[in-house]
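**Q** Sequence:
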Amino acid sequence: MKLRKYSIFLALVMILMTFAACGNGGTDQPDPSGTVSNSTTGDAPNEGTAGIQKGTSFKYWVNYDMPSHMPWKDSRGAALYNQLYDNLLYKYQMNQNDIRGNLAESWKVSDDGMVWVFQIKKDAYFTSGNQVNAEAFVKTWDITKEFQPRYFSAVKSYEATGEFELTITLNNPSATFIYDLPMQSLCGVVDPKAIEQYGSEDNKAAIGCGPYYIESYTSGKGFVLKANPNYHNPDKAPSIETCELVIIPDENTALIALMNGDLDCLNTVNIEVYNNLKQKGWDVLEVEDRVNPFWFNAREVEIFKNDAVREALCHMVDWEAASQLVYDGKYPASKSYWAGPGMVPYSDKYKYDPQLGLKILADAGFKPEDIKFTMLADPDFTNLEIAIQAQLNELGLVNVKTVTYDGATCYGMLKGGTYEMFPCHNGYGVESPLTPFSMGLTPQSTQRVMWLDYINKDRYAEAMKLYEAANTSATNEDYLKNVEALTSLVQDECLAMGGVQVYRFYAVAKNITGVHVAPITGYMDFCYLKVK
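The sequence shown runs -20 to -1, 1 to 512 under mature numbering (1 follows the signal peptide of the UniProt record, and there is no 0).
Careful, some of the hints might be misleading.
[What the hints assert, rightly or not] Only pairs whose alpha carbons sit at most 16 Å apart, straight line, appear in this in silico EDC-like list of lysine to aspartate or glutamate:
{"id": "1", "residue 1": "184", "residue 2": "195"}
{"id": "2", "residue 1": "381", "residue 2": "343"}
{"id": "3", "residue 1": "201", "residue 2": "231"}
{"id": "4", "residue 1": "339", "residue 2": "287"}
{"id": "5", "residue 1": "310", "residue 2": "266"}
{"id": "6", "residue 1": "285", "residue 2": "139"}
{"id": "7", "residue 1": "125", "residue 2": "181"}
{"id": "8", "residue 1": "490", "residue 2": "231"}
Since the hints were derived computationally from the structure, they do not count as laboratory data.
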C-alpha cells in the first residue's frame, strides 16, 4: 500500500466549484493539497478556539421533532447528528476541498483502491468516558447498515484489524467512497457499551464523541446540547457552551421568535419570510440548495404508467411563471433533475408547450379530466404546488389536487411510497450525485421516487446496469459518465415533471460568528460558532 493524503474527487470538485459557492463566497482556488484559504460558505475561517465560552448560548430553529436520537434512524436528523456523532473523516468548515482526519489520525489506501486502513486516535472518548476504538465502529456499523444501506453499497467488509486499526475492503474501487461511509454523521460512531446496555432503539444509547452531547430533550419542544469539554479535535472544538434546537412547527411563529431574540438562527425557503427579513435589516446568507423534481409514483397512480401521460404533464407546467408568482423569480426553473455533477440538460420532452401536452393526451385517448392525482406538499412547497395546480386546472385537468401535511408526515409517506406525486431532491450532493438513485431507484431504496420497474422492466434493467457501473467506477471520469447516462435515461422516461432550483436563506443573530453552512445540503456545524 502507499500512503495518500486523500483528496479523491478533487479534480471534479475544482471543476464544479461554481455550483457550490454561495454566501460570502469568493474565487479562492484550491492549492495542490486540496485546501482553500477562505471558506465559501459563510464567515471567514476560525483559527481554532480559545475554549468553551462560559454562559454562552445559541438557539437554532427546526420545524420538526426528531424522536429518535440514534444516528442511523432518520435522515432528516442531520441538524442534530452533526453535533453529536463523529466519523473517521470530515470536511473542515463544510469545505469539500478540505478533507481532514477526525477520529482517524491517518489512513492508507491500497494501490488498487480496494482496501482502506484507518488508524484511530487513542485520545478520543465518548461522552460516557469510554474510549473510542476500532471495534466501536464495527458494532455501530453492524446496526447502521440495516437502516442506511446506501452507505455500504460499495463495501465488501469492515473489521477491526487492531485495537485502533479499522480496515474497510470495497467490492470495487469507488470514486466517491471517501464522502460516504467514513464521513457521514449518519454513520458516526456510537458507544457500543451504551448500545449493549440500552439497545439500539433506546435514546439512552445516543452517546457519541462529537463536539456536543444531549443534556435534555423535551418531545415537541426541542433539545439542549452542551459542549463536550473533552473533545478530541482542536480544529472542531466547541466554543458556545449551550446550543438548543428549538422546535416551532409554524414558520411565522419562528420568525417572530427570531425578531424577539428568542431564536438566534432561522433558515427558510419561503420568499415572504426572506423579504421580511431583508426589510427588517437582517443580513441573510443565501445558500444554493437542490432541485426538487416532482416525481410520478407509478405504483400508486395507474395512469402514470403511461408514457404519454407523463410526457404530456412535463409540457404543461410553466416553471418560470410559477417561480415568478411564488418566489419573485428567485428560484430558476430547473434545467435537469440535478444542478451540479451528473446533470444532463432536459430534452424537448420538458419544453413548455401546454397545447402540445393536451394533444399528446388526446392522441393517447385521454381527456384532461381523466388525469387524476394529488400532489403531496410539505409546508415549504405548498404555495408552489398550488400554483402548479392552478396551471393544470386551467388547462382542464380539474382533478389534479394538492394536499399539505407537516414535514414528518410527508417524510413517512415518502419512506412508505404512499404518495402520488412529491417534490424531493432525494439526497443529491455534489460529491455523490449517485445518491438519489441509491435512495430512490434500487430494490433496497429507502425513499423510492423512481418507479421505472412499474413502467418498463427492460428500461429498469438498463438503468440498474448503469447504476452498478457508476457504483463500481474506479475513476471520477467513468463515475460521472455513468451517472450522466443514468440521469439521461430517467429523464427520457419522464419519471418526474421538472421543478425549480431552490435556495435556502439563513438569518443569524449579529453576535454570532463562525457561521459555515454546507452548500447543497444546508447543514451547519455548531462547533465553529462563537459569541462575540
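**Q** So, for every hint listed, does it hold in this structure?
**A** Going through the hints against the structure:
Restraint check for residue 184 and residue 195: satisfied, since their Cα atoms lie roughly 11 Å apart, inside the 16 Å limit. Proposed proximity of residue 381 and residue 343 is contradicted: the alpha carbons are some 24 Å apart, above 16 Å. For the given pair, residue 201 sits about 15 Å from residue 231 by alpha-carbon distance, which is consistent with the 16 Å threshold. Between residue 339 and residue 287, the direct Cα distance comes to roughly 14 Å. Compliance with the 16 Å bound is thereby established for this hinted pair.
A distance of roughly 11 Å separates the Cα atoms of residue 310 and residue 266; the hinted pair therefore holds under the 16 Å criterion. A hinted pair counts as satisfied when its Cα atoms are at most 16 Å apart, and residue 285 with residue 139 does not qualify at roughly 44 Å. Taken as a hint, the residue 125 and residue 181 pair is honoured in the structure, with Cα atoms around 15 Å apart against an allowance of 16 Å. Taken as a hint, the residue 490 and residue 231 pair is broken in the structure, with Cα atoms around 20 Å apart against an allowance of 16 Å.
In terms of the numbered hints stated before, the structure departs from hints 2, 6 and 8, listed from lowest to highest.
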